[in-house]
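S.K.: Below are the chains, spelled out letter by letter.
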Amino acid sequence: MNELQEVICIICPKGCHIEVDRRQEPWEFSGNSCKRGPIYAQKELTAPSRMLTTTIAIKGAIVPRLPVVTSSDVPKERMMDVMKALAKTQVDAPIKVGDVIVSNILDLGVDILATRTLERISH
Amino acid sequence: MKARKEYDVIIIGGGPAGLAAAVEAHARGLRSILIVERENQLGGILLQCIHNGFGLHEFKEELTGPAFAQRYIDKVYELGIEYLLEASVTMLNPDRSVMIVSKEGFVRYFAKAVILAMGCQERPRGAISIPGSRPAGVLTAGAAQKYLNMDGYLVGEKVFILGSGDIGLIMARRMTLEGAKVVGVAEIQRQPNGITRNIVQCLHDFHIPLYLSHTVTRIYGKERIQAIELSQVDENLKPIEGTEQYIEVDALLLSIGLLPNNSLSEGVGIALSKATKGPIVSNDLQTSIPGYFACGNVLHVHDVVDYVVAEARRCVDGVMHYLSNQISEERHIEVTAHTGLHYVVPQSIKPQTLGAKQRFYFRVKSPDHRVKIQIFADGMLIKESLKSHVVPAEMEYIEVDINDAVRQAQHITLALHKEEA
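Residue numbers (full-length UniProt numbering), protein chains in the order written: chain A, 1 to 123; chain B, 1 to 421.
For the record, the hints were derived by calculation from the structure and aren't laboratory data.
Among the clues, some could well be false.
To be verified - Stretch by stretch, here's where chain B covers chain A in the computed footprint (C-beta under 8 Å, at least three residues):
#1 54–65
#2 69–80
#3 105–119
What the hints assert, rightly or not - Straight-line alpha carbon distances no greater than 30 Å define the calculated DSS-like cross-link-like pairs of lysine-lysine that follow:
#4 B/K383 with A/K14
#5 B/K238 with B/K274
#6 A/K59 with B/K75
#7 A/K14 with B/K60
#8 B/K181 with A/K84
#9 A/K59 with B/K146
#10 B/K181 with B/K238
#11 B/K158 with A/K88
#12 B/K357 with A/K14
#13 B/K181 with A/K59
#14 A/K76 with B/K158
#15 A/K96 with B/K103
Glycine residues also receive a C-beta, built at the ideal position from the N, C-alpha and C atoms.
Could you build the full structure based on these sequences and the hints that come with them?
M.R.: Dropping the structure here:
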């Protein structure tokens, strides 16, 4: 593992390049211009996680895709697994924004929530 | 015979600017409001922006585009505000009548005031004239986004993206998640055009290369795009001979900038700004034709939707003032952007309609740090504000206290002043 690493902070638009020296405990951080930087860099190097947004199939609505979001961050390396699981998911309209589409997906402790309301329409 | 269709305010566009303007107009007591939307649903472009990060200013939480739109759509339903879907405005008239084609036929609607909220569109291939054939598979990033997120079609499996605008970056991530291979993103400038968060989370996360100072110099393919030629550019943005790379792709997405949708505005003779490509407005967001107001991306391209809805509310302030006063002959103080600034909105202020404070929105011409934004009334410095970090991709503002010096001025000017190290 690299003992010297660089992390670009995304907390604010400044985008500081933070140098992380992992040769001693606690790690040393430089290049950040505020104290939020090291906290972000620490998390990014130990347990990077992301919110995931995608769409799933919906039947009986004005559009064939329902946009969804994870209820909280998922580990970065599990994003593709969540995508695969959702590729098979399908719901029927009506759906309301905030509805739980899948609860506790892949036992990650995260729900999949609808991000728009789609009424049932008759063709 | 059909009754004459008459409204206090007609809002053209059912995206975030139009919806927020309608909700605000209702809150201010107007009951005769019509939203005109050309799509078959309200919400505008936000419906296809399924990523999150919207609403931090407005709602103090991170929403996806559809969820942000849903809040305004639900309010419009709840308040019983009238709207017309699948309706195209074909012409605006100086008397504030609006020609609309819809299921009701071709009808002239009358309004006391019209709010322009038609948003913007992406620059297409023609805007940058890439040589080569004209096959299928070359489309704007936003078009690819709509196909994928609303209709469920992936437009390619081996994709290149030209331009590092945020929509392109977000599509790089989105298409990768859906199983496509994004082979690269090219940016003609030396620095990326999108925000750092998107560079990190959309490109670095998926190991997608970003080619700075590069552009696409040729498109190959007859029926379908087969490949692109990528070249490095010099400091004058001209391709450098001998740097060509041939890259096989089946789709090329363009993310090369946005332009306000102002063909209707131009048709009625509303004066447009060369810098913003949107209408020239005064501080009440009124255009050069009385009774026509503008807000959102049709006025100037915003980077955050929260600012769009805030602007829509300010626009309704202007409409309310106009409806209650009907003064048309007001003195305008011209506002212009000078050194280092690309534009300023509004382009004029009317002393009679000014509140205690006035904000001026602007964009800088190039990235910089430690700069002062200065504002002058007839050459006299009235306010300056230090910015530690500015980039053209981010709209900024400066707020000024309105005093007699401002009210009596002939010209207000804004300029960027570089601090000497």
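S.K.: Taking the hints in turn, state whether each one holds.
M.R.: Tested hints:
no.	hint	result
1	54–65	holds (count 7)
2	69–80	holds (count 4)
3	105–119	holds (count 3)
4	B/K383 with A/K14	24 Å, holds
5	B/K238 with B/K274	24 Å, holds
6	A/K59 with B/K75	26 Å, holds
7	A/K14 with B/K60	21 Å, holds
8	B/K181 with A/K84	16 Å, holds
9	A/K59 with B/K146	18 Å, holds
10	B/K181 with B/K238	28 Å, holds
11	B/K158 with A/K88	23 Å, holds
12	B/K357 with A/K14	28 Å, holds
13	B/K181 with A/K59	29 Å, holds
14	A/K76 with B/K158	23 Å, holds
15	A/K96 with B/K103	28 Å, holds
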